[in-house]
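Given next are the chains, with one letter for each unit.
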Amino acid sequence: MKLQTATRLGLYATLELARDPERTLSAADLAERFGVSSHHLAKVLRTLATAGLVQGGRGAAGGYRFIGNRRRTTLMDIVALFEPAPGSRAKEPGEDTEIGGALQRVLTEIDEIAEATLRSVSLETMLKHPM
Amino acid sequence: MVAIRPAQASDLSAISALDERLTGFSKPAYWQDMLAPERHFLVAESDRGALAGFIAGEVRAWEFGQPAAGWVFAIQVDPKTRLKGVGTALFEALAARFRQAGVTRLRTLVDRKDHLILSFFRAQGMVAGPSLQLDMELP
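In the order they appear, the protein sequences are chains A and B.
Under this note's numbering, think of the first position of the first sequence as -6, with each following residue one higher.
Under this note's numbering, think of the first position of the second sequence as 2, with each following residue one higher.
Worth flagging that the hints you see were computed from the coordinates, not collected in a lab.
Possibly wrong hints are sitting among the right ones.
Said to hold, decoys possible - Okay, the calculated beta carbon distance ranges per label pair: (1) B:Ala62 / A:Arg58: 45 to 51 angstroms; (2) B:Thr89 / A:Ala(-1): 24 to 30 angstroms; (3) A:Glu102 / B:Glu21: 41 to 47 angstroms; (4) B:Gly66 / A:Gly55: 19 to 25 angstroms; (5) A:Gly55 / B:Arg100: 48 to 54 angstroms; (6) A:Arg65 / B:Arg113: 15 to 21 angstroms; (7) B:Arg83 / A:Glu88: 39 to 45 angstroms; (8) A:Ala44 / B:Pro131: 41 to 47 angstroms; (9) A:Ala44 / B:Phe74: 35 to 41 angstroms.
To be verified - Below 30 angstroms or equal to it, Euclidean Cα-Cα: the simulated DSS-like pairs (lysine-lysine) are: (10) B:Lys81 / B:Lys28; (11) A:Lys84 / B:Lys114; (12) B:Lys28 / B:Lys85; (13) A:Lys121 / B:Lys114; (14) A:Lys121 / B:Lys85; (15) A:Lys(-5) / B:Lys28; (16) B:Lys81 / A:Lys121; (17) A:Lys121 / A:Lys36; (18) B:Lys85 / B:Lys114; (19) A:Lys(-5) / A:Lys36; (20) B:Lys114 / B:Lys28; (21) A:Lys(-5) / A:Lys84; (22) B:Lys114 / B:Lys81; (23) A:Lys(-5) / A:Lys121.
Each residue gets a CB set at the ideal place from its N, CA and C atoms; glycine is no exception.
Just chain A, same shape as in the assembly (with noise of 0.2 angstroms):
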């Protein structure tokens, strides 16, 4: 499964700072860790911010802490802050043809499946067993 920059940088940070809810980082300090563009982890961070998960940002150096519920937290609801909703794709040429159809039915099936998947695991589960 591919997923967005923007949504593997969303599950990174939301871990990585509900490892311990006390802690703060930067979006530099995130950056680092993972390798990746702080300007672009920054975005993220603000998503995740809205979202009600992470807490903080006082200027630039303002660092983030988790403020979310890790029980209650599922990979499902970052990845949604992200990715299109499953039912909201436009239609595609050919869909309405019976080959298109057929094709369309194996593809809801994988989506359903990658779902149903990325719904069950809580970030609790995620850190108490990383797999």
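Given the structure of chain A, go ahead and fit chain B onto it with the hints provided.
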């Protein structure tokens, strides 16, 4: 706190009632069959003697081509006692029995739309197994 003990015939009506309340299906004969000696059927009992939950499973070898594993067939916890570790206590008691029976793997099937039970098994450390379940409507 709850006590975990093997289910007895006298528990069946409470088990059946709890399951029917949660699933909408009445299946007393199925629960009766779970009392068979080769099966592990455990109940969690509150200190007042009320049924807080149950779990059922069995060690099966070469089912679907897979070596012996402990299968969890069913687990239910009274919603009133959820989030108090009853499910985990039942799961751990069954896992201990499976280990005593000599198996090193535990397996179950879950409705992929039932996020509550999926999350529960994930929280116990379970991940996707080697099999994919397939099914169809018979023509």
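Here is what the structure says about each hint:
1. B:Ala62 / A:Arg58: 45 to 51 angstroms: holds (50 angstroms)
2. B:Thr89 / A:Ala(-1): 24 to 30 angstroms: This hint is violated: roughly 35 angstroms between Cβ atoms.
3. A:Glu102 / B:Glu21: 41 to 47 angstroms: About 31 angstroms separates the Cβ atoms of glutamate 102 of chain A and glutamate 21 of chain B, which means 41 to 47 angstroms is violated.
4. B:Gly66 / A:Gly55: 19 to 25 angstroms: Violated, at about 56 angstroms.
5. A:Gly55 / B:Arg100: 48 to 54 angstroms: holds (50 angstroms)
6. A:Arg65 / B:Arg113: 15 to 21 angstroms: Holds, since arginine 65 of chain A and arginine 113 of chain B (Cβ atoms, about 20 angstroms apart) stay within the stated range.
7. B:Arg83 / A:Glu88: 39 to 45 angstroms: At 42 angstroms between Cβs, range holds.
8. A:Ala44 / B:Pro131: 41 to 47 angstroms: violated (36 angstroms)
9. A:Ala44 / B:Phe74: 35 to 41 angstroms: holds (38 angstroms)
10. B:Lys81 / B:Lys28: holds (22 angstroms)
11. A:Lys84 / B:Lys114: At roughly 24 angstroms apart (the allowed maximum being 30 angstroms), lysine 114 of chain B and lysine 84 of chain A satisfy the hint.
12. B:Lys28 / B:Lys85: holds (27 angstroms)
13. A:Lys121 / B:Lys114: With Cα atoms ~23 angstroms apart, lysine 121 of chain A and lysine 114 of chain B stay inside 30 angstroms; holds.
14. A:Lys121 / B:Lys85: holds (18 angstroms)
15. A:Lys(-5) / B:Lys28: violated (43 angstroms)
16. B:Lys81 / A:Lys121: holds (26 angstroms)
17. A:Lys121 / A:Lys36: Holds - the C-alpha atoms of lysine 36 of chain A and lysine 121 of chain A are around 28 angstroms apart, at most 30 angstroms.
18. B:Lys85 / B:Lys114: The hint holds at about 24 angstroms.
19. A:Lys(-5) / A:Lys36: Roughly 20 angstroms separates the two Cα atoms, so the pair holds.
20. B:Lys114 / B:Lys28: Holds. Lysine 114 of chain B to lysine 28 of chain B sits at ~22 angstroms (cutoff 30 angstroms).
21. A:Lys(-5) / A:Lys84: Roughly 20 angstroms separates the two Cα atoms, so the pair holds.
22. B:Lys114 / B:Lys81: Holds, because 22 angstroms separates the two Cα atoms, which is no more than 30 angstroms.
23. A:Lys(-5) / A:Lys121: Holds, at roughly 24 angstroms.
In the structure shown, a violation is registered for the earlier hints numbered 2, 3, 4, 8, 15, in ascending order.
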